[in-house]
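Peer 1: Whole structure, please, built from the sequences with the hints as guidance.
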Amino acid sequence: MNSRDRILQATAENQPAQRDLPVIDFERLIRYDEPAVVFEQVLTKIGGQLVRVKNLEEVKNRFGEEDQEKFCVDVIDCTEEDRLKIKAWKATDLALLHTLYIKGSFGVAENSAVWVDELAMVNRLLPFICEHLFIVLEEKEIVPTMHHAYQKTDVNRTGFGSFIAGPSKTADIEQSLVIGAHGPRSLTIYLIEKDSL
Amino acid sequence: MKVALFIPCYVDQFYPKAAIATLELLEKFGLEVSYPKNQTCCGQPMANSGFEHLTKGCNNLFVQNFLGYDYIVCPSGSCVMHIKDHLHTEENEAAAQDIRTKVYELTEFLVDVLKIEKLEASFPHKVGLHQSCHGQRGLKLSQMTELMAEPFSKPGHLLSMVNGLELVELDRKDECCGFGGTFCVTEEAVSVKMGKDRVLDHERNGAEYITAGDLSCLMHMEGILKRRGSKVKIIHIAEILNHHLS
Amino acid sequence: MKVQDHAQAAAQFIKDEERTDWHDETLWFVRKKRDLAAHGIPEWEQLREWASQIKDHTLSNLSHYLESFEQKATANGIRVHWAADGEEHNRIVHQIIADHDLKRIVKSKSMLTEECHLNEYLIQKGISVVDTDLGERIVQLRKEAPSHIVLPAIHLKKQDVSDTFHDFLDTEKGNNDPQYLTEAARQHLRDYFIASELAITGVNFAIAETGGFVVCTNEGNADMGAHTANVHIACMGIEKIIPKAEHLGVFLRLLARSATGQPVTTYSSHFHRPREGQEMHLVIVDNGRTRQLGRADFRNSLKCIRCAACFNTCPVYRRSGGHSYHTAVAGPIGSILNPNLDMKANADLPFASTLCGSCSNVCPVKIDIHEQLYKWRQVIVQAGYAPVSKKLGMEGMAAVLSSPALYHFSGKMGRTTLKYAPFLVNNGFNPWYKQRDMPAPPAESFGEWYQKNRS
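Residue numbers (numbering that gives the first Met the number 0), protein chains in the order written: chain A, 0 to 196; chain B, 0 to 245; chain C, 0 to 454.
Bear in mind the hints are in silico, worked out from the structure with no lab data behind them. No residue lacks a Cβ here, since even glycine has one placed at the ideal position from N, Cα and C. Each hint should be verified, as a subset may be incorrect.
Said to hold, decoys possible - Selected chain C positions facing chain B (Cβ under 8 Å, derived; list incomplete):
(1) 15
(2) 312
(3) 353
(4) 376
(5) 380
(6) 396
(7) 408
(8) 435
(9) 440
(10) 443
(11) 445
To be verified - So the derived label-pair ranges between C-beta atoms look like this:
(12) 113/B / 38/C: 29 to 35 Å
(13) 174/A / 156/B: 34 to 40 Å
(14) 113/B / 243/C: 49 to 55 Å
(15) 28/C / 31/A: 51 to 57 Å
(16) 452/C / 119/B: 17 to 23 Å
(17) 8/A / 174/C: 54 to 60 Å
(18) 443/C / 119/B: 27 to 33 Å
(19) 76/A / 293/C: 51 to 57 Å
(20) 92/B / 293/C: 26 to 32 Å
(21) 229/C / 31/A: 39 to 45 Å
What the hints assert, rightly or not - Facing chain B, a subset of chain C residues (Cβ under 8 Å, in silico):
(22) 9
(23) 13
(24) 34
(25) 125
(26) 319
(27) 355
(28) 379
(29) 393
(30) 400
(31) 401
Peer 2: If you want it as structure tokens, here you go:
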């Protein structure tokens, strides 16, 4: 018998009698009157910032104002041709990536996490290797809790996806919080306001 | 109501005043209290050290002594918890199981059974309440800071009825003092460090007395206080509740 | 070299009282942050209950979920390997490295690889691995083990880190600024990421329904490694399985709040398929877990999600430091996991506790940690791993306490010699008396008083 079979057999022999799964009662969950307000409060606490914008046009304009001397990339609605090029970039190509604009699928009020999947990333490395990350999020796509978040998407729709909450950080030296560990040094959420849609 | 007094071995030997206060207090509430004289120990010192198999003698003795009472009251949360959780006897298991439901820690008995709302006690001092872990987390005598739940405290409720007593706020409301049974000698360094830190919390916050429902914790802290020449004294909660009562 | 037991190592740690106080306060602060975060969730206790029930259910169907996970993961293009023990786990990882002849390897935090001593194994094979979690990199440079599963370098002060970085990363001598030191580590490790050929990560959760796995970090190091390298190896114990993705809703709400008081980790990355051109391997490890699953009293230790809340709340851990537990996973949870791995070597650990019960109260999956500590004590004594002196003492104590006559006799003698309570002998050799006074012996016992006054 190989290890696989031995492990599965030992597991089957040793596992206890059937226990039932609980039903997650959504009535028990915290409610927020204004999820977007909570989202912003939490985001600010964890070192991110939120900028309210009217529409995607405004985001595009802001991207145009970024320092073009630096390596800046916008992967929101990029062409198929661009996608292929961006996908092929290796770590060595991206070492100096300064600014990234990307679209988030939805946000979570309780922890200000934003779901970004591979389709939006184009290249998995981008949102982690860039120095400054900008995520565009629609206000209407903010859900209260992680339970709601998992109802919003199939996590295996693409090969990879991540909840991103704030800039990268560490407190490994004497519990002193330092923003900018290995990933982005800053995270800005461009929140497209509900009313403007 | 047939009430038996269960006095743990170390209280019997080293802190008879706390046992006397417990007895007097119960008598003041009109109870007729028996003290089965062949009692020794609940067996916890062995059991907590991994020698539960050596507690048969203590268990049998406990059942013989406390069979047939409506309530068994004890001024120690730790010993009560041990009886509640671990009393077994091959001789008469049904009696052991029955006793497990009838044994009460003193403050829990006063609050839950006698439903005391008024005490004629006075103790005009600043007092720090030490939450003994077995009483608090084991018997749930007080809410625990780890849980997200409504606060309450049975010993705190009783102390609030004592005239002149001022309860001091501690920085850490329910941290262990480090006694831990044989832990206090097998892990001497950690045990003492925990005890020192606990005592300092009370001192820093102005306590003249440290009280608790368990003399094991108090004995440990008293040992540290005395060695350090501190003015802070220890006193069992029964002695406060019984103060000026007579 | 004989490993010191917990009590000896803890006594060593406490000798530097100032540092012990710092360690205690720092971890207590993390506990307070946890409390604050939990207080923000009115359904916190319900969440713990759900998490516990999901884990109970999973353990009761673990073989089914493991198989279905394997099937889905394989269909996703992940190569699944099975390792019966640490040795096999290490062999598998080494084989993958050797097959590709890879040299540049980065690893993000994985307590499983610590448990299996992967780094040491690979060094013997001439392969060096760079740990990329900041805390882990610090201890790796110092040739130390992590002292905490979430905060690996919590036993160190910033000047220690500064000295280490000065030696290895050429930072300014005496510059203790955490910002400066972290920046230095960022630059140092970035070069390794950019050049990495193979990345090893741990796994926080593996989803049976979808065949994917989730890795949580704050630093982004797992992602930096996994998305730069052409080969990604993720290592997990069999207990990391959860049935469905929706259950992550429960666990991710609990994990970071319990661990550090954050609402969630910065990155909760869900890996389902290798990226184009990448190889993704997953090693599923038993290493004693199926044995633990068979121990009715101890199996629910396998529910652990490695948040370390029990470390931070433990008054013993805070004052003895992680290294005193001489195992990869320290703290209260380590003390109930490690006796299963090696009962004799870890016989001291279940005794490194006062059984105060705070650990069980903070546990997000409601493991009855302190009750298991008590039960392990019984198992260890029965297995014959208690010191002989302790055994004799206990037998003597039991004899006295089982006999009213002997008890009353010893009591009378004892209040001067205090013999029957062995921890109360008044002499310099007794550990009680080293730093504590004895209670003043009263003139009479309560029993004697009662005899005179009531009967």
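Peer 1: Given a hinted range of 51 to 57 Å, is it respected by the beta-carbon distance of residue 76/A and residue 293/C?
Peer 2: holds (55 Å)
Peer 1: Could you say whether the range 34 to 40 Å given as a hint is met by the Cβ separation of residue 174/A and residue 156/B?
Peer 2: Given about 37 Å between the Cβ atoms, the range holds.
Peer 1: Does the interface hint hold: is residue 34/C within less than 8 Å of chain B, judged Cβ to Cβ?
Peer 2: holds (7 Å)
Peer 1: At a threshold of 8 Å, is the proposed contact between residue 353/C and chain B supported by beta-carbon distances?
Peer 2: holds (3 Å)
Peer 1: With a cut-off of 8 Å on the beta carbons, see whether residue 443/C makes it to chain B.
Peer 2: Check passed: Cβ of residue 443/C comes within 7 Å of chain B, closer than 8 Å.
Peer 1: Please check whether residue 229/C and residue 31/A have a Cβ separation lying inside 39 to 45 Å.
Peer 2: holds (43 Å)
Peer 1: Close enough to count: is the Cβ of residue 435/C nearer than 8 Å to one in chain B?
Peer 2: holds (3 Å)
Peer 1: Would you check whether residue 125/C satisfies its interface hint, that is, whether its CB is within less than 8 Å of any CB in chain B?
Peer 2: violated (41 Å)
Peer 1: Given residue 13/C was flagged as interface, is its beta-carbon under 8 Å from a beta-carbon of chain B?
Peer 2: Residue 13/C check passes; min Cβ-Cβ to chain B is 5 Å, inside 8 Å.
Peer 1: Holds or violated: is the Cβ of residue 312/C closer than 8 Å to a Cβ in chain B?
Peer 2: holds (7 Å)
Peer 1: Hint check: is the beta carbon of residue 445/C less than 8 Å from a beta carbon of chain B?
Peer 2: Where the cut-off is 8 Å and the nearest Cβ of chain B is about 4 Å from residue 445/C, the hint holds.
Peer 1: Hold the hint about residue 400/C up to the distance rule: shortest CB distance to chain B must be less than 8 Å.
Peer 2: Status holds, d = 4 Å.
The structure fails hints 1, 7, 15 and 25 (numbered hints given earlier, in ascending order).
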